[in-house]
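Work out the full structure, taking the sequences as your base and the hints as a guide.
Mapping to UniProt numbering: the sequence shown position 88 is 88, numbers consecutive.
Please keep in mind that the hints were generated in silico from the structure rather than gathered at the bench.
Please note that a few of the clues may not be correct.
Claimed, not checked - Each pair of labels, with its calculated beta carbon distance range: (1) G35 / Q74: 13 to 21 Å; (2) P49 / Q74: 16 to 24 Å; (3) S47 / D8: 32 to 40 Å; (4) A86 / S47: 32 to 40 Å; (5) G35 / R69: 13 to 21 Å; (6) K11 / S47: 32 to 40 Å; (7) G72 / L14: 18 to 26 Å; (8) A39 / R19: 19 to 27 Å; (9) G72 / E10: 31 to 39 Å; (10) S94 / P7: 20 to 28 Å.
Just so you know, even glycine gets a beta-carbon here, dropped at the ideal spot from N, CA and C.
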Amino acid sequence: MPCHDSPDLEKLDLITVLRALADPIRLDIVQRLYGLGEANCAALIGSRPKSSMSHHFQVLRESGILHTRIEGVQHHNSLRLQELEARFPGLMASILGNIEAGQLRRQTSS
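See the structure below:
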């Protein structure tokens, strides 16, 4: 099945990964994919414009965070958690854990 190219594991750069995750929309995509495992673009776009979301998916792919598998006209996205863990141990667990903790704090303070 065709896929968009993702950078090789040894080419993943910490600054590029962190820069990609610094955007709230891309961080939301990562969080949602973490919960879903795999999802097509339509499931992740919501009410956001497709053109800007295409850019966000591209940044996540080029930074090595996202893998996109193409099936017909559908683009199925998943996180490259194992590869990221191998290259930057604990990074994604820490980031995803902090997102969840922040949401829990917001819910309990409401």
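Kindly indicate which numbered hints from before are broken by the structure, ordering the numbers from low to high.
Violated hint: only 7; rest satisfied.
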